[in-house]
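Asks: Each chain, written out:
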Amino acid sequence: MTGTLIALIVILAVVGLIVVAVIGIYNALVRLRNQVDNAWSQIDVQLKRRHDLIPNLVETTKGYQKHERETFEAITKARSAAMGAKTVAEAGQAEGQLTAALSRFMMVMENYPDLKANQNFLALQEELASTENKIAFARQNYNDQVLFYNNRIQMFPSNVVAGMFAFTKRDFFEVGTAAEREAPKVSFA
Amino acid sequence: MWELIRANKRDSVLLITLMAAVLLILGFIIGLAVIGPEGGVAGLGIAAVVWLILTLVSFSSGDQILLAASRAQPVTHEVHPQLFNIVEEMKIAAGLPAMPKIYIINDPAPNAFATGRSPQSASLAVTAGLLGRLNRDELQGVVAHEMSHILHRDILYVMLAGVMLGGIVLLSQVFLRGVFYGSVGSHRRYSSGKQGGGGQAQAVIAILAVLAAILAPLMAQLLYFALSRRREYLADAGAARLTRYPEGLASALEKIANDPTPQLATANDATAPMYIVNPFKKRGKMDLSGWTSTHPPIAERIRILRSMAQGASYKDYAQAFTAVTHARNPIPAAALTPETVALRPPQTGTTGPEKVQRQARQIGDIMRKVNGFLFLTCACGLKIKVPPDFRADTLQCPRCGRSLPLAPEPGPGSGNG
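Protein chains in written order, with the working numbering: chain Z, 1 to 189; chain D, 1001 to 1417.
Simulated from the structure, these hints should not be mistaken for lab results.
Be aware that one or more of the hints could be misleading.
If you want a taste of the chain D side facing chain Z, the calculated C-beta under 8 Å gives, among others [what the hints assert, rightly or not]:
hint, residue
1, Q1073
2, H1077
3, E1078
4, P1081
5, E1089
6, A1093
7, P1332
8, L1336
Listed below are several chain Z residues computed to face chain D (Cβ distance under 10 Å; list not exhaustive) [to be verified]:
hint, residue
9, N34
10, D37
11, Q42
12, Q46
13, H67
14, N141
15, D144
16, Q154
17, P157
18, N159
Just so we're clear, the structure is a prediction, and the values are computed from it rather than from any experiment.
Backbone N, C-alpha and C fix where the C-beta goes; we use that ideal spot for every residue, glycine too.
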């Protein structure tokens, strides 16, 4: 009689401990997932900001549109592709192309000495360079968070809890090729 | 990252407890010496009250007092868009919850500091001299260093430890002055001594108290400075990791170290550990291995940053640190997680040595902007700086005589700032 009682108490205690552990792991996973989402929204803000800067840039450099038709078309096309991206991987691809197009555009515009004296253009150049940096730093932060989160849902014992509540792996925000990874060269000489 | 912050917090608690012990023991001994055998507890109480008041004041408005004392002025985005952008970049990289408030100090000596209670309510101040001299990558390195102080909670620790130091200095100064000018109550009693056991014991205690009052501030200062030197290395490591470009900070430190401008006018002993480099760097304080310096030798900091060839993680910094100094690395072992953090290429085109004259003019311009000057460019190319108290609708260009409207126009490009 007392033997079964002790066994019952032991079983209950073990079950209780497991429940507590599962709750703890579940909460930790939720927190990590929220951090990933928050980091992604930081990238998103900066990508939108870059999309918004491009019309300004086109407007400021309108006078050169005739000579540089191709570069102008390349950035507007890359912009609309980037704005239409749906998944993280797609966005990475499209934003990589936009970065490359912008970098070419800025390089071409560097050749016009009167543009380099234009206050509007210089201010835009700083804003654009900074937005590129913010995207890069936000990506850095996002990828760190994704690494934490993915490690957690793949490692024992949290992988069991992750499986029970359908926590899925997140994609890293990668930019296409090595060349695209470089921010546009904007000099502040 | 979190391991580092946790280890930092542990260190801070330890240090502040030690300093509190020094303060309370000092209070106890002084109490014994001044009031007599029963005075120990009273002295302890007075020390505790002094410390409590100072801590409360510094907690509620310490950052404001410090900023005001260094004559830092809050600035808007228009005054220096690049500084704002760089701070936001570093805020994103560090994943901080809020933008720090940005201040500019109108001083040509290049320096910077961060202050505040928590990452949510931090402030960051840079001097006009710093903005005028550094290029974008270098400024980013300096801002990242300050951001690391904010992220590592060093700002709170510096404030609390500084206040504790202030309390100890205050208490011992009051006592020592009292002794030397003979106004301390029991002074006559023990100095005329030789009246048996009680007087002798009192004399011994008095001597002990004088010794304690001389030594306690020194001890507290050593404790404070030892940890603040370590925090500088940690902030350098953090800056390298945030920017992924250690050369930016290295070259900024080099420029600051080689700068000929006289030291910062508004810095003092208590605030010195807050700055990115010791504001008293000039002759006499350049003691390289000094126990008594608030900052590690700047040349060493530069060499460590420059030997980070493989990557920008804490581990890479720790390796570079050991290679340069042959000492135990200052980063807590728990934070040295294996991670690969690739370095990035420089963004600023390598510029040649800029003309000193041009830099000086830039620094002047930044200071004028902070003070609300209006900048006009005449059609003849002359740039005119109009003081804020100039009251007129038009201004005649001193070179070509055109009359220029003085109505402030919205700044170009940065309309939303």
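Asks: Which of the listed hints are broken here?
Replies: 1, 2, 3, 7, 8, 9, 10, 13, 16, 17, 18
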